[in-house]
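A.B. asks: Using the sequences and the hints given, assemble the complete structure.
Number of protein chains: 4
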Amino acid sequence: MTVLDNLQIELPSWAFGNSGTRFKVFSTPGTPRSIEEKIADAATVHRFTGLAPVVALHIPWDRVDDFAALRRYATDLGVTLGTINSNTFQDDDYKFGSLTHTDKAVRQKAIDHHLECIEIMAATGSRDLKIWLADGTNYPGQGDIRGRQDRLAESLAAIYQHIGPDQRLVLEYKFFEPATYMTDVPDWGTAYAHVTALGDRAKVCLDTGHHAPGTNIEFIVAQLMRLAKLGSFDFNSRFYADDDLIVGAADPFQLFRIMFEVIRGGGLDKSSDLALMLDQCHNVEAKIPGQIRSVLNVQEMTARALAVDTDALTVAQESGDVLGANQIMMDAFYTDIRPALAQWRGERGLPTDPMAAFAESGYQETINAERIGGTQSSWGA
Amino acid sequence: MTVLDNLQIELPSWAFGNSGTRFKVFSTPGTPRSIEEKIADAATVHRFTGLAPVVALHIPWDRVDDFAALRRYATDLGVTLGTINSNTFQDDDYKFGSLTHTDKAVRQKAIDHHLECIEIMAATGSRDLKIWLADGTNYPGQGDIRGRQDRLAESLAAIYQHIGPDQRLVLEYKFFEPATYMTDVPDWGTAYAHVTALGDRAKVCLDTGHHAPGTNIEFIVAQLMRLAKLGSFDFNSRFYADDDLIVGAADPFQLFRIMFEVIRGGGLDKSSDLALMLDQCHNVEAKIPGQIRSVLNVQEMTARALAVDTDALTVAQESGDVLGANQIMMDAFYTDIRPALAQWRGERGLPTDPMAAFAESGYQETINAERIGGTQSSWGA
Amino acid sequence: MTVLDNLQIELPSWAFGNSGTRFKVFSTPGTPRSIEEKIADAATVHRFTGLAPVVALHIPWDRVDDFAALRRYATDLGVTLGTINSNTFQDDDYKFGSLTHTDKAVRQKAIDHHLECIEIMAATGSRDLKIWLADGTNYPGQGDIRGRQDRLAESLAAIYQHIGPDQRLVLEYKFFEPATYMTDVPDWGTAYAHVTALGDRAKVCLDTGHHAPGTNIEFIVAQLMRLAKLGSFDFNSRFYADDDLIVGAADPFQLFRIMFEVIRGGGLDKSSDLALMLDQCHNVEAKIPGQIRSVLNVQEMTARALAVDTDALTVAQESGDVLGANQIMMDAFYTDIRPALAQWRGERGLPTDPMAAFAESGYQETINAERIGGTQSSWGA
Amino acid sequence: MTVLDNLQIELPSWAFGNSGTRFKVFSTPGTPRSIEEKIADAATVHRFTGLAPVVALHIPWDRVDDFAALRRYATDLGVTLGTINSNTFQDDDYKFGSLTHTDKAVRQKAIDHHLECIEIMAATGSRDLKIWLADGTNYPGQGDIRGRQDRLAESLAAIYQHIGPDQRLVLEYKFFEPATYMTDVPDWGTAYAHVTALGDRAKVCLDTGHHAPGTNIEFIVAQLMRLAKLGSFDFNSRFYADDDLIVGAADPFQLFRIMFEVIRGGGLDKSSDLALMLDQCHNVEAKIPGQIRSVLNVQEMTARALAVDTDALTVAQESGDVLGANQIMMDAFYTDIRPALAQWRGERGLPTDPMAAFAESGYQETINAERIGGTQSSWGA
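Chains as they are written, first to last, in UniProt numbering: chain S, 1 to 381; chain P, 1 to 381; chain Z, 1 to 381; chain F, 1 to 381.
Do not take every clue at face value.
Copies of the same chain are indistinguishable here, so a pair counts whether it falls within one copy or spans any two.
As the list claims (entries may be wrong) - Lysine to aspartate or glutamate pairs mimicking EDC-like chemistry, simulated, CA-CA at most 16 Å apart:
# : residue 1 : residue 2
1 : Lys-24    : Asp-93
2 : Lys-95    : Glu-318
3 : Lys-229   : Glu-365
4 : Lys-104   : Asp-93
5 : Lys-104   : Asp-66
Hints were generated in silico from the structure; no laboratory data involved. Just so you know, these numbers come straight off a predicted model, no measurement behind them.
C.D. replies: And the structure:
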């Protein structure tokens, strides 16, 4: 399982804050009031799993005066700061678009926000600037589809020229939401066309919840890796909409197939620059255990995917043995890898059962008691 | 167009408040701060269209001390108070369900809320209690599907026994959201099974945005009318999720087909008790014009549906003339009925172009100037 | 695992014939030319698995002169004849409908076909008459939705009155295909409304591939069992359309959840009258091994569903422990039950690895050599 | 309406043959038995509409000994031969793929078939070679997703090098069907990546029925035109699957929006090389009138799209007037353009009502009487 040692998952700082639906955001005891408390929670996930040494930030939610200090804070807790996620969807100016807006001043404001993010990256030591746009329209005619694309290309180019030689711009696509009629980066094809136009340090981010029903996501994984344009994952799972559930919860077999293609494409090789990030909302479930469960799910499905007998698979595929090939996949998926993973953890000084160990650790009770007062972190704060 | 005179549309009070997505709620000038201001806006829609004489309320958002006074206030403005919509999704107690909750105390609280709504109905003169439940679960295993149904049936029965002889309980179904894995009333079949078990005064509410992709909604309309169980519509339109867009905006031909089945089933007969309500969110578009456009869309598609030559259609259908039958439908849909509707309005002393007339009326400018301070109405207030 | 001993799966005779898409039907060596050869293959599946003692027939595809003789033939091979499936979709008369047709003569022809099926049931000892209708329309206006429902109800009633006291009419619903605009029995609600109107011996058939994207199928299972109206399953799996793939192949976790609800609703109790049938097409994979794999998948997911610690689950559910409840489900799903099932098979004198045993048995080679000439069975023959 | 004069639609020869679903292909009187009869029918559509001067061929279905003679035959009837459509899905060799097959011999056979198509193009004077691949897999593991892409790229390159300087290779994508788990060219992104790798004379074909639910097709139109890679349309409409219904039948507003983007992108300019083709199946409706209705639908929605006041639209868009912008679109869509089109036809010596004129022409009765005996054309012949 040496490949498994290469598996590193990036946690989103916002997963530790409150989240919800348009109908209601429930608050919970112990929710962080600051980025420092979020990082502390993220470091806890890593401490119990050994899988999550990186924390992604969201600007402006996680803006601090001194990012270099924040970086040291994180390092002291055993984690590093990762992807910087921009936000151009919560300001009134962005009601009708950000990088695609018809008003040059608004576009420039959005571009400037990304330049600020790039500055932050220098301080935090982050490699990736991730851009997810809420840009889109709700009604036919509201916007000029073509013109919006042209302005998007121009804005992205303006940002990209500030991306450093060791940095990357990662463009995320999303099938729908919050816009209803038209999303400006709705599919991997659009993201791919844009990042190809930008250059080698521009890549695509694949969020597993951002596709139409019936989409074969592992195909897109394989294709983008083949095209050398898969920059990162936003892992989560969903049943119908962008549910942002725990990765692997809705369809573990799909996660298995995705990780199989990641491995097939070299995504877990030592030389790989593929970032595996979570992007989830824990609306009704406990947040820290939710993150622990998530990274364990990724690890578990990775381990099962690694167990596929690829030599036998190739033979079956080339001989047209449909059932035989499928069975080789299923055998790996159905094999209970959990004892082996418990052993893997034990050998590395980690709790063999991270969920139980966290529950028994008293960490949750401590933060519930300590984090009184202040404003709990949530979307928009 | 005498049938057209029977068309009355109920406006939702909440359409005049701010709404949005989980990512952002934009506020707009002139937004009502109270139910009285919402009613004033709704009455304005009616004044310009002659189509919307009823305002639906949402409890607790629209709770007042004196509902009888509110009723008089509405009457003075030329509208009446309509459906009472309950709310069991914004209280922390309801995190894991309301009428379906495993905790009897929570269920009783939710039942009591509906009994309060029934009391309000007496004061407002409302006929319908509409129940939309956010109940559901996000993860497999989180709840016992079967047990939740049994508790739902029990809770509904407890409410139904308080429904007066001239009142109705209307149960709405919704395919998804806010719950992600399982919704307790996800489809018309479930709503139908429950209201059938309750009795004659229990009906189904069909929200046009609450179906899976590819669902033939007019079929459900026809079926529920055939079963005498279609109580009301929540009109809106959508592209993928429950977008709550202006009815007819996403697919006007679908609205035409729906209204054709409504007419086919007697829903616009004088004796019909079918309620036609809007349930929309105006996130980025102007609210009052958005409601005006909505009721005009319903009227226009109704008028086009009334123009179908049903005798010729029957002949074509019975002779297997697929293209001929389809063409009869399309001819009605493609005929520009707007001049006739302008004349219809003129004859009734209404502005022939309600959208233009409202824009020129100065109403919006007045409320923008007057409604300063206070808290704008929105979801949850 | 005593409950597991109650698991009996019904095989469809047509799974052993050639099948395909509208683009191409591939033929394969050894394909049966007669119902006797299909039964021989089905009996082989049972011999290797101990799970499939019943064979469903399709009329007219499987029509013989002497059904009593066919019954004895089956018995001699160790299987019995099961559900009789009617066919009203391959005759030119049915181009515009069968039980719903506007022409009374066509309706009567379709009714008479079902009466013939009921006569066959007497000879074969079958309990269930399964009705799947291809009825529907391709274009808006082509048919009168409401009138078609009324005629359907009338036709079903005419058939139902011939259903014997120990027989059942099972009505299958299907979301789409072959009709494109409107399907006359598109959802479980429609099937439920019809069978409820018919009487106690009318039930619903749930085909796992006949739902819109995002539909929670286990919810429908739970609901129909609660309403005592789930008559049978047509098991298969799908990615987007009605793919008729091997059950459990596309989403084994979904099959696990379905079987969990079947068990929860008493569907594997000794007293249960729920029929578990396969309805699949083996277009590119080997047919007999495809059926073996299918019944093993049902057994395996049933065994995993039986492993759920339901007492602990209830505690977690009632305490709002979302992650805990989910983990209990996942623990059962992730546990490798295959060794226990191999033992179960061994104890019953069955091959511990049925797939391997069949491959080594020489059966396929024998039928490949013997079944030369004649017309291979396929859709329509 | 000078732009409207540029509208030319290509008819598929196979639309005049019988087609159906996997369940049943209905035959109809007058169905062509040869490509000559198909062309005669296509020329008839053109004679009544003035819109369809080109006929696309399908090889091998339309293979003849002397394509030059066929070309003269078409010219004599007033039409030309257009796109050559290859077929690699009806030969047993292609069971597990054609251009993507693991077996080099099968790939070469498929490549050679395309080279034959290119030779035919020389004889027929066709510009476009259209490649739609049925390649894909039904089960996870059946094929190596990545390897299949690599082989596809290699095969396409082998074909492309034979594409003449005035010819084009047009690659069609399809979301699903006939393969169920994975389609080798499932989305526009994949087609775009491949044709970009090939060169300037490789383009994408957009079939309007080949997308996931909820996909905004006009966005893809706008994007591909922006990228200068939209080669052609396969027009049809659908409700859920690839229904191949008459274009505009399922959602005329969508067709309007698509044509709006075609115009916006210059697709109806004199210099445009965009091919507008139909790809439909007339399963239950009359074939020739079905094609007439189809081209009229395209013309009608094009005319409505041309009626959009684009200057006013831009003003509304740039001022954030969502409702105003939408209304400008809807005004054009709702305007009854049919009288103007009747006049347009009259001025050009065409029947003002092509559907009625065809019905009265006696053409159908003549071919019904004449085309007796022989084998009716259908899929596969």
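A.B. asks: The structure should be examined with respect to each hint, and the outcome stated for every one.
C.D. replies: To see whether the hints hold, each was checked on the structure:
{"no.": "1", "hint": "Lys-24 x Asp-93", "verdict": "between (25 Å within a copy, 12 Å between copies)"}
{"no.": "2", "hint": "Lys-95 x Glu-318", "verdict": "between (53 Å within a copy, 12 Å between copies)"}
{"no.": "3", "hint": "Lys-229 x Glu-365", "verdict": "neither (43 Å within a copy, 48 Å between copies)"}
{"no.": "4", "hint": "Lys-104 x Asp-93", "verdict": "within (12 Å within a copy, 47 Å between copies)"}
{"no.": "5", "hint": "Lys-104 x Asp-66", "verdict": "neither (31 Å within a copy, 51 Å between copies)"}
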